[in-house]
Each structure stands twice: as structure tokens, then as C-alpha cells.
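S.K.: Sequence:
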Amino acid sequence: MTKLKNLLLRALSGAVFVAVVVGSLLCCERAFAAVMLLCMVVSMHEFFGISRALGVKPQYGLGMTIAVVMFAAGYIIAFEKVDFFNEQNLIFAPIPLCMLVFFVELFRKNAQPFTNIAYTLLSLMYVAFPFALMSAVYSANAEIMLCFFILLWANDTFAYLFGITLGRHKLFPSISPKKSWEGYVGGIISVVVCSCFLHRAFNDIAMVHMVAVGVIISVTAVLADLVESMLKRSAGVKDSGKIMPGHGGLLDRFDAALLSLPLVFVYVMVFM
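Counted the way this note's numbering counts, the sequence shown spans residues 1 to 272.
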């Protein structure tokens, strides 16, 4: 009975998450940006929590401020047209703030100053930067942004199903004993098939581009999930948070997206 209750709770919270993300995507760029900004702030908070579990003391306030500036710069460059300055210059706005991270640590007088600096900057590269790129991908092709999430979730689902039914050979047993090569390959094949079906629904996107995006996602998503598992295992933490019952934290939900989206961004900007 308890397992059934947990399964239903997990399904419900997952459905709400999907509805909010897809609903914001279908609504408008401002709604999508608002939802992603909130998700980024929560994910950053969870990352800092894992860092503290490792004994690190990252610069929470400054790190969060730089993350919001990065996200705002990405949004303005992608969507807003302003007359009083060249909005493209906003791409440089986070740089002086990142340099400030080094100077602030002088006044904190902690035993591991460069570890604190490293984790503060890592939070920006690992969490904030991918979220900041979402506006650019959405602006370039909103349908690709929607397909990105659909294919990401499809990969997660099919890799799990192939893993529990056919999984025999462990992928990285020292990090995640449940993930298998069979699940990994099954996820890739399933996402390629899903990409072909999505091409029929979004026929403005060429088949080759849809499949290429699907392959990028399926190849990197499982590995990105393992990267976050490696981080949590090193800190002795099971989940990044508790905001999503049955799933953990938002960082747990976006872990696959964080390392696959930048590659999708490069593909979209170069080839589409």
C-alpha cells in the first residue's frame, strides 16, 4: 500500500511539473522565462546545499545574484530590443561579478578559500549557464525547445524501462548501480524513433535536425544524470531537495538538461 501511494505521489508531482513546463512553453516567452528563472533559483539553492554537505562554504548571495544577472542577460539578448545601449554587450555583464567572487573571499577568512571560490563558480557554470541559454534556444526555435523537453523525458522513461527489463551490464556501478548499458542504448534507440514521430508533428523542423537533437540528448542525458549522482554520492546526499514528492529536488529533475542543453544550443545556433 505504501509503495502504491508513493508511486501515485511521484506520478502526480511529475505530471504537475510537466504541465507547468509545457504550459509555460506554449504560453509565451515571458511565462517560460519566469518558470525557468524560478527553477534555476531553486536548483542553485539545492546545489549550494549539496556543497555545504561537502564542507564547502560557497558565496550563496553573490553566486545567486550572478546567476540571476546571467539569466536576465540571456533573456534580454534573446527577446528584448532596447535603444539606449547595445543589448549584445549584456553578455559581458556577469564577468566583473565573477571576478568579484575572488575578492570577496579575502574578507571571509575561511580555511579553504579557493574551494569556496571553485564551488561558487561551478554553480554558475553547471547550473546557471544552461538555464541562461534556454531563452536563446526558445528565441531561435520555440518548437525545438519544446521537443528538447519531450525527448529528454522520453529518454528518461525508455532508458528506465529498458534498464529494468533487459539490464544486465552495469554502466557505472560505483556511481549508480541501477543504470545499465542496455538501458542506455535502449534510450538512444527509443529517442531516435520518438524524434521521427515528432518530425511529423513539427514538420517545420527537418528530420535530420530533429534526429540530431534527439541523439545529442539521449547520448548526454544519462551521463549528465550520472554526473549529478556522482556529486550527491560524494556529499552523502540522496536527493538534491524535497520540493517534488517522489522525485527529490528540481536539480534532480534538471540534471540531464544541464549538460545536454548547451550542446543542443550549439547545434541549433550552428546548423539550424
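These are calculated hints, taken from the structure and not from any lab test.
Each hint should be verified, as a subset may be incorrect.
Stated by the list, open to error - Derived DSS-like pairs (lysine-lysine); straight-line CA-CA distance at most 27 Å:
no., residue 1, residue 2
1, K238, K178
2, K57, K109
3, K57, K242
S.K.: Which numbered hints are broken by the structure, listed smallest first?
M.R.: Violated hints: none at all, because every hint is consistent with the structure.
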